[in-house]
Amino acid sequence: MSRAYLGTGEQTRFLQAVKDKVGLTWQQMASICQINRRTLLDWRKERYHMSYRALLCLSHLSGIPMPPVIEIVSEKERRRRAGVKGAKKSLALYGNPGTPESRRKGGRTSLRRRREHPEWYDDDFIIRKPIKIPAQSLELAELVGILLGDGHITNTQVIVYGNLVTEVEYSRFVASLFEHLFGITASVKRGKGNTSMVIVSAVALVEYLDSIGLGRGDKIARQVSVPSWIFNERAYIRACVRGLMDTDGSVYPETKVYQEREYRYINLCFTTHSQPLAKAMKYMLCELGFRPTVSSDGQRVYLRRQKEVKSYFNEVGTNNPYHQGRYHRLLQWK
1 MSRAYLGTGE QTRFLQAVKD KVGLTWQQMA SICQINRRTL LDWRKERYHM SYRALLCLSH
61 LSGIPMPPVI EIVSEKERRR RAGVKGAKKS LALYGNPGTP ESRRKGGRTS LRRRREHPEW
121 YDDDFIIRKP IKIPAQSLEL AELVGILLGD GHITNTQVIV YGNLVTEVEY SRFVASLFEH
181 LFGITASVKR GKGNTSMVIV SAVALVEYLD SIGLGRGDKI ARQVSVPSWI FNERAYIRAC
241 VRGLMDTDGS VYPETKVYQE REYRYINLCF TTHSQPLAKA MKYMLCELGF RPTVSSDGQR
301 VYLRRQKEVK SYFNEVGTNN PYHQGRYHRL LQWK
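Residue numbers (our numbering): 1 to 334.
Rather than coming from a laboratory, the hints here were simulated on the basis of the structure.
Here a beta-carbon is modelled for each residue, glycine too, at the ideal position from N, C-alpha and C.
Be aware that one or more of the hints could be misleading.
What follows is a set of in silico ranges between Cβ atoms, one per label pair, in the way DEER data are often shown [as the list claims (entries may be wrong)]:
hint: 1; residue 1: E75; residue 2: S311; range: 23 to 33 Å
hint: 2; residue 1: Q275; residue 2: T99; range: 23 to 33 Å
hint: 3; residue 1: K310; residue 2: V203; range: 35 to 45 Å
Cut-off 20 Å, straight-line C-alpha distance, at most; resulting in silico cross-link-like pairs (PhoX-like, lysine-lysine) [said to hold, decoys possible]:
hint: 4; residue 1: K256; residue 2: K282
hint: 5; residue 1: K85; residue 2: K105
hint: 6; residue 1: K76; residue 2: K88
hint: 7; residue 1: K256; residue 2: K307
hint: 8; residue 1: K45; residue 2: K76
hint: 9; residue 1: K192; residue 2: K76
hint: 10; residue 1: K256; residue 2: K21
hint: 11; residue 1: K19; residue 2: K45
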């Protein structure tokens, strides 16, 4: 779970603002973030850095833009830093443990365990699952947007995360995309707390997605962007934008008062910590005839003109029922 490093006081202000905006208790907010209430209160007191996924979730839920993020540190990197710190302390206390004798002892122990418990070791070759290789299409372009948003690609799996409470139907839609495009079964499972996961385990799929420009591993660390072939056709751009906005986008209300009169607006916001991806999103929206604005930190791309928000839902559309429902509810509010 990646952690978001915010400026001093920003984490406290953001969490309090979310609580005040949505009117939930700390316990309810903790459940949404899939954590213990005490952990959430520790985040509020800034004893620990909050998770990046929780930051995104609460921002989407409340419509409050995320505060500027100084750094996003993956769980792997956090463990690495802790390991380095512990190793230095251990080395200072006990000296170098990697002696020739200790290495021999470790090797002998490994051989003994393999002899005693061969069932622990699977040395057989794994037969790859065959996949269908799709042509470039609108569905593939939309899946690219989805994977750039909420997707995670390892060496053996492709996972798309969602909200178990609000995005069950959308998770099924994503699973159907995998099955239609690649002829392979995608499972929809419950993750920790309120997380849903669309999972496809296939090395061949990972290699194919890598070959079309998506890559593997931490998207933020790699500063991902949209593959170049998406820009070949306007229809591909529209489909990719829809996939991005359906995953890392939010529909939120805004109220302004001018000359004692209240004005209500519906806005769209796409959030990412990949600068190239944010620039690509702005470019694609411009190509589709919109006039987006970008936050000063370059992490959020907005559509605020009310005619353009309406045009977005009419022309680009959404396959995420939660976004569609929220938009219609806000139309009633407006």
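*Which numbered hints fail*: Those not satisfied are hints 1, 2, 4, 5 and 8.
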